[in-house]
Amino acid sequence: MARSGSVQAPLEACAPGSISAVPTTSVSSRHSALVRITHWIATLCFFALLVTGIEIVISHPRFYWGETGNDLTAPLFKLPIPSSRALVPTGYGYVLPDQNGWSRYLHFQAAWIVVLTGLLYVISSLVTGHLRKDLLPGKADLSWRGFSTAIAGHLPFQRPGAAEAWSYNVLQRLTYLLVIFVLFPLVIWTGLAMSPAFVSAVPATVTVLGGQQSARTIHFFVSLSLLLFLLVHVVMVCLAGFKSRMRAMVTGRAGTDMERT
Amino acid sequence: MNDLSRRKLIKTGLAAAAGVSGLGVAARMAQKYGLVPPDHGGIYGFGETLTYATQRLLTRHSLAREFSQSQISKPPFANEIPPLNDAYKRLHDGGFADWRLSVDGMVDRPASFSLTQLKSYPSRRQITQLACEEGWSYIAEWIGVPLSHVLDVVGIHPQAKYIVYFSIDSDWWDSIDMADAMHPQTFLAYGLNGNELPVGNGGPLRMRLPRQLGYKNVKFITHLTVTDNLKGFGTGLGSASEGDYAWYAGI
Numbered sequence: 001m002a003r004s005g006s007v008q009a010p011l012e013a014c015a016p017g018s019i020s021a022v023p024t025t026s027v028s029s030r031h032s033a034l035v036r037i038t039h040w041i042a043t044l045c046f047f048a049l050l051v052t053g054i055e056i057v058i059s060h061p062r063f064y065w066g067e068t069g070n071d072l073t074a075p076l077f078k079l080p081i082p083s084s085r086a087l088v089p090t091g092y093g094y095v096l097p098d099q100n101g102w103s104r105y106l107h108f109q110a111a112w113i114v115v116l117t118g119l120l121y122v123i124s125s126l127v128t129g130h131l132r133k134d135l136l137p138g139k140a141d142l143s144w145r146g147f148s149t150a151i152a153g154h155l156p157f158q159r160p161g162a163a164e165a166w167s168y169n170v171l172q173r174l175t176y177l178l179v180i181f182v183l184f185p186l187v188i189w190t191g192l193a194m195s196p197a198f199v200s201a202v203p204a205t206v207t208v209l210g211g212q213q214s215a216r217t218i219h220f221f222v223s224l225s226l227l228l229f230l231l232v233h234v235v236m237v238c239l240a241g242f243k244s245r246m247r248a249m250v251t252g253r254a255g256t257d258m259e260r261t
Numbered sequence: 001m002n003d004l005s006r007r008k009l010i011k012t013g014l015a016a017a018a019g020v021s022g023l024g025v026a027a028r029m030a031q032k033y034g035l036v037p038p039d040h041g042g043i044y045g046f047g048e049t050l051t052y053a054t055q056r057l058l059t060r061h062s063l064a065r066e067f068s069q070s071q072i073s074k075p076p077f078a079n080e081i082p083p084l085n086d087a088y089k090r091l092h093d094g095g096f097a098d099w100r101l102s103v104d105g106m107v108d109r110p111a112s113f114s115l116t117q118l119k120s121y122p123s124r125r126q127i128t129q130l131a132c133e134e135g136w137s138y139i140a141e142w143i144g145v146p147l148s149h150v151l152d153v154v155g156i157h158p159q160a161k162y163i164v165y166f167s168i169d170s171d172w173w174d175s176i177d178m179a180d181a182m183h184p185q186t187f188l189a190y191g192l193n194g195n196e197l198p199v200g201n202g203g204p205l206r207m208r209l210p211r212q213l214g215y216k217n218v219k220f221i222t223h224l225t226v227t228d229n230l231k232g233f234g235t236g237l238g239s240a241s242e243g244d245y246a247w248y249a250g251i
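As given, the protein sequences belong to chains F and P, one line each in that order. Numbered by this note's numbering, the letters in the first sequence go through residues 1 to 261 in order. Numbered by this note's numbering, the letters in the second sequence go through residues 1 to 251 in order.
Since the hints were derived computationally from the structure, they do not count as laboratory data. Glycine included, each C-beta is placed from N, C-alpha and C at the ideal position. One or more hints might be untrue.
Across the chosen pairs, the derived CB separations fall in these ranges [to be verified]: (1) F:Leu87 - P:Gly24: 44 to 50 Å; (2) P:Val199 - F:Ile54: 32 to 38 Å; (3) P:Arg125 - F:His233: 51 to 57 Å; (4) P:Thr235 - F:Gly252: 43 to 49 Å; (5) F:Ala86 - P:Thr235: 47 to 53 Å; (6) P:Ser114 - F:Phe221: 48 to 54 Å; (7) F:Val122 - P:Gly24: 26 to 32 Å; (8) F:Ala204 - P:Lys231: 37 to 43 Å; (9) F:Phe221 - P:Lys161: 38 to 44 Å.
Hey, can you work out the whole structure from these sequences and the hints?
Written out as structure tokens, the structure reads:
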């Protein structure tokens, strides 16, 4: 089977040692135009959602569980930050400026764009086989040996071999699948569960989560997970070779040889 | 220019023309079915229009969740209110006996109602959640007269598209479309948890819309205007925040 291992497949020839087999000016692209465009649109939207999300949280940096929660209710936990509202007991002697108006506008606009972009990505990935070929791990990779090889390869923080410039390893595949099919749907769901109009039409959106405040708390933690993913993702890109990986995601060309001094 | 690139050019041109006219048709349909919010212009207009149009199509008749007596928030919560003006204080000192709700605009019979008159109409109570855009929320039992009943009494014109509502504090006014105005859970609330509506919660009269966030639930209501166009109100963006906060607050 061609898809037995994510690191092999059509790239047997470009394993380390036979680097000369990789043409310096490769015509085939590492990432399709659709993957590159949707990646950068999602990146922009993520930053917009992150900044505006932080601004919105600042107006009430307390979290609760269940249906309701307010200044008179015991919080599940609170963030040790000042607030943009005077009524919130934060322990700080000052109040930050209110940024909720534009933050909410931009939060929902960025959410729409990333949801539409994400739908385009998922549907086209199903059609073109990107999902099956590039993201679903091969059978061999899903064994303990596959995992331990991938993890052992990561531990010394070495630059990955040339093959990994052309294909995702099993840890990458599972992480991307988790982000695309678990974290993103969950953050959209918990976001909608906070909308009083949306839940009037689809009450189960919020009731199965245990209430509107539970939805808000889960939304916060899923957002944190996405932020953690972003940080690890950027660190990995730097370790793998920032210039070559950026070039691959911008122009589509892999050109691994350039950085292998 | 060879055949292939000409064919490509013609195809692209046709696709672009179809796209533009498609958008034009979509925009006209959206206007016709009331799916365009007053703050559809500007850099956030795209997202705002999508949100409003989608939620309007999805929620025109849906009912906000109602809760049981045991779920009412204890202790009852009331958000900060701005300092009240002299006109309010005078009415407050008189036990709100002279509080009036005037209704004008596109109506057959402009009227001015006392609280006693409003309380004589069929009342409705419901236990719903008030969620603030900041993130906090509480559940309370609200008692009031459905806004649709008051609108029926004055007889609104068929071309009416919005209800603009004003607080006694001239810094606060807002507006809603007819889907929200005629919704059975939208009402002018005068009671909370079995008592008169406290000042801190907007007493003696507050607009209550459980399907929209707290800031659309304007306190101290004294005046309603029925209109088919929001252009004549402030800068035409439909609320006192003048576009700082989204006009539609269903999310």
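Report task. For Val199 of chain P and Ile54 of chain F, compare the CB-CB distance with the range 32 to 38 Å and indicate the outcome. Result -> holds, 34 Å
Requested in this report: Take the C-beta atom of Ala204 of chain F and the C-beta atom of Lys231 of chain P, compute their distance, and say whether it sits inside 37 to 43 Å.
Outcome: Check passed, 40 Å falls within 37 to 43 Å.
**Report entry** Range agreement (Cβ of His233 of chain F with Cβ of Arg125 of chain P, hint 51 to 57 Å)
**Finding:** Given range 51 to 57 Å: holds, Cβ gap about 52 Å.
Query - CB-CB spacing for Thr235 of chain P and Ala86 of chain F relative to the 47 to 53 Å hint - result: violated, 28 Å
Query - Satisfaction of the hinted span 48 to 54 Å by the C-beta atoms belonging to Ser114 of chain P and Phe221 of chain F - result: Holds, since Ser114 of chain P and Phe221 of chain F (Cβ atoms, about 51 Å apart) stay within the stated range.
Query raised in the report: So does Phe221 of chain F sit 38 to 44 Å from Lys161 of chain P, Cβ to Cβ?
Result: Since the Cβ atoms of Phe221 of chain F and Lys161 of chain P sit about 42 Å apart, the hinted range of 38 to 44 Å holds.
Query raised in the report: Between Leu87 of chain F and Gly24 of chain P, does the beta-carbon spacing fit 44 to 50 Å?
Result: Since Leu87 of chain F and Gly24 of chain P have Cβ atoms about 47 Å apart, the given range 44 to 50 Å holds.
Query raised in the report: Falls inside 43 to 49 Å, the C-beta gap from Thr235 of chain P to Gly252 of chain F?
Result: Since the Cβ atoms of Thr235 of chain P and Gly252 of chain F sit about 47 Å apart, the hinted range of 43 to 49 Å holds.
Query raised in the report: At the C-beta level, are Val122 of chain F and Gly24 of chain P separated by a distance inside 26 to 32 Å?
Result: For Val122 of chain F and Gly24 of chain P the Cβ distance comes to about 29 Å; the hint holds.
The structure is inconsistent with hint 5 alone, although it conforms to all the rest.
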